[in-house]
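Enquirer: Residue numbers (the working numbering): 14 to 637.
No wet-lab data here; the hints were simulated from the structure.
All C-beta atoms in this analysis are idealised placements derived from N, C-alpha and C, irrespective of residue type, glycine included.
Don't take every hint at face value.
What the hints assert, rightly or not - DSS-like mimics (lysine-lysine), calculated; alpha carbons at most 25 Å apart, straight line:
| # | residue 1 | residue 2 |
| --- | --- | --- |
| 1 | K158 | K296 |
| 2 | K597 | K497 |
| 3 | K417 | K296 |
| 4 | K417 | K474 |
| 5 | K567 | K296 |
| 6 | K497 | K474 |
| 7 | K63 | K296 |
| 8 | K597 | K541 |
| 9 | K158 | K63 |
| 10 | K567 | K599 |
Said to hold, decoys possible - Listed next, with one range per pair, are the computed distances between beta-carbon atoms:
| # | residue 1 | residue 2 | range |
| --- | --- | --- | --- |
| 11 | D105 | V229 | 42 to 50 Å |
| 12 | A287 | D332 | 40 to 48 Å |
| 13 | A287 | T74 | 15 to 23 Å |
| 14 | T108 | V257 | 36 to 44 Å |
| 15 | T143 | N87 | 47 to 55 Å |
| 16 | N357 | D542 | 48 to 56 Å |
| 17 | T359 | V229 | 50 to 58 Å |
| 18 | G600 | D105 | 27 to 35 Å |
| 19 | N504 | D542 | 54 to 62 Å |
| 20 | S221 | P398 | 22 to 30 Å |
| 21 | G106 | G259 | 33 to 41 Å |
| 22 | N258 | T143 | 38 to 46 Å |
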Amino acid sequence: MLKKLLSVSLLMSLVGCGGSSDDRQTSIAPVTVESTSSLVSFYIAPWQSKTGTLTLTNDNTGNVQSIAVADINNVTLSAATLNFYRVEFVSDGTTIPCPSFAGCGRTFRDNPYDENNNRRLDYQEVMDMTLSYRADFVAAPGENKLYLSPVSSVISDENLDITLESLSATPFYHLTHSQLNDNLEAELLTNALTFGVILKRAADLEESLNTTGNSVIEQQAQLVSLPFYRTYADRYVSENLLNVNGNQLLQAVVGEVKQKLASIGDAQNIATRALEQPQLHSKELLEDVRNILGVARLQEQKYSDELTENLTEFEDILDQESQQTLIVLANVLYDVIYNFSPLNDTDAGIYTLQGLTINYQHSPYSWEITGQYDNHDVQIDLSIPQWRVSGLLGNQVSGIMNAKVTGSDTQLNVDARELVVSFDGTDDPFSAEQSETTGQLKIATNVSLENEHSSLTGDIKLTANRFVTPFEELVTVLSGFDFKGQLISENQTTPFNLQAIEATPFIDEVSANIVFAVQLMMSLNGAKDFQFAYVGRLNRLAEISNAELALRLKNRALEINLRTVGNNINAVIKGAQGRWLDVKQKGRNYSGGLYFGDTQIADVTAVRGVPGILFPDGTFESLF
């Protein structure tokens, strides 16, 4: 249970279990702190030329370094520790190859870059386009890595604090202390965001072909376009997972990348960044940790119980049965639209399919669907007044729908004022020559999931893959969905943002390896702004022993990496501006340190069983 994690596994390990500690830990000795220095290196996504001019401005002193670089991704510069900096890179390149395996949309006739003259910008065909790369950061002691993209540019230009929105201890484009997966996550997130800006620009260019010249094409990234960048950035994730030429390293961090994309893309009313001169020996991270412990209190078990109960309800309503109702809905829509529609010139009439009865009418096209499908009761009223084919987004039909799919203990309700069904995949779903249709189905609509105790209501975008197994069975696997809404029960009304994605989408695999990224906004112990974020298996949401967590409280964000082996616990807690706390507990022994960047500024030790921080001046402060 999560109570065990927060109040025992994590909090017990941090605040101690009482009694006496090892004698070696009761003596307090001054901490020796090494002198500090800072280095800064850079990364941009692979599509723009890495040759250009790099400018690094020290906002504290006004000093400006401007140098020509052959490859910005292989440049390291020295920086003054704890100073504020602004970095800008201007690439020498003025063109970008289309980064999407699916292409970048239509282009004008006789475009010299359209190598096969199909009036489409295919994968790696060139577009006239330049991107801007800027970022603001504080030089933490040790190594700093800046991940530059057009989105980091707009966030810095607007002087915004994106950490609370993305639940990152530091801005998503700035790494200080990091592990291998942190670097990989930041690199692929940068790729996805840059991809999103490129595809948004490509969509603008395609739209301009359909107008009389009034279409506006973004020349720089814009804050209001964050949701669009996120939508296209999600395509980077799906394309690289599903294409054999994609970056398969994405599988290791796809949950974290999806969560960051969702939180950045949904960011609204972002607060202005407060520029306070950081102090090396600041105790602000210790204060942030105490605030979190004060909400998920050890002394009052009901707070841990409260959080556990909330998470358990969320886990229960999104069980396998609930996910199966989504698959049934996807299959029914896929089969009905494919078999009884203008796709194959079906006459109006009443038809049967498996256990379903379908009343199909023309002008406008409508379907009344009732019966049993895969042991689920199905009632669907569907109307599709028009059919369209989109060169950039894929083949789509759009309409309105009311639907109810009922399983053994879960009911799915759909009341869609706008339903979008996209067919993309290995075969052409609009080909009437196929006996079976396979590929990828996408549905975007408003739904509610209900069980006996609670309900989830909100907007969902789901993707289902259909394929024929080696046993010649046509199966559907729910490969991912984004679900944003509210959890409502007798105990809570909790806004949530959920992403689910198949991390290893191998073809012909019936079993799914779904990774979930969950963000919950709830009141806990009087803290109205408490947020909880988790990446991993949903059925382990309330039983975490090894986890990546992010917590937000009092306008501060903390990232927690918890690893448990037997009774030994290692917790790494990252805070603002590159500060982090490493706590190792083995039996009654506690060790670790409080760090700023790569510099240790205090020791973790214990006095009479109470773990705390020993500062260089001999001051000892407990963690609670």
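Enquirer: Range hint 50 to 58 Å: satisfied by the CB atoms of T359 and V229?
Expert: 41 Å, violated
Enquirer: Is 48 to 56 Å a correct range for the gap between the Cβ atoms of N357 and D542?
Expert: 54 Å, holds
Enquirer: For a C-alpha distance cap of 25 Å, please report whether K567 and K599 respect it.
Expert: The given pair, whose Cα atoms are some 31 Å apart, is violated under the 25 Å limit.
Enquirer: Regarding the pair K158 and K63, is the alpha-carbon distance no greater than 25 Å?
Expert: Given that 25 Å is the threshold and the Cα spacing comes to 16 Å, the pair holds.
Enquirer: Between K417 and K474, is the straight-line Cα distance small enough, at 25 Å or below?
Expert: Holds: K417 and K474 sit about 17 Å apart, inside 25 Å.
Enquirer: Starting from the range 40 to 48 Å, see whether the pair A287 and D332 falls in it by beta-carbon distance.
Expert: 42 Å, holds
Enquirer: Take the C-beta atom of T108 and the C-beta atom of V257, compute their distance, and say whether it sits inside 36 to 44 Å.
Expert: 26 Å, violated
Enquirer: Please test the hint of 42 to 50 Å on the beta carbon pair from D105 and V229.
Expert: 27 Å, violated
Enquirer: Does K296 lie within 25 Å of K417 when you go C-alpha to C-alpha?
Expert: Judged against 25 Å, a Cα distance of about 54 Å means the pair is violated.
Enquirer: Range first: 38 to 46 Å. Now tell me if the beta carbons of N258 and T143 are that far apart.
Expert: Check failed, 26 Å falls outside 38 to 46 Å.
Enquirer: Is the distance from the Cβ of S221 to the Cβ of P398 consistent with 22 to 30 Å?
Expert: Given a distance of about 27 Å, which is inside 22 to 30 Å, the answer is holds.
Enquirer: Starting from K63, check that the Cα of K296 is at most 25 Å away, please.
Expert: 40 Å, violated
Of the hints listed earlier, those the structure fails to meet are numbers 2, 3, 7, 8, 10, 11, 14, 15, 17, 18, 19, 21, 22, in rising order.
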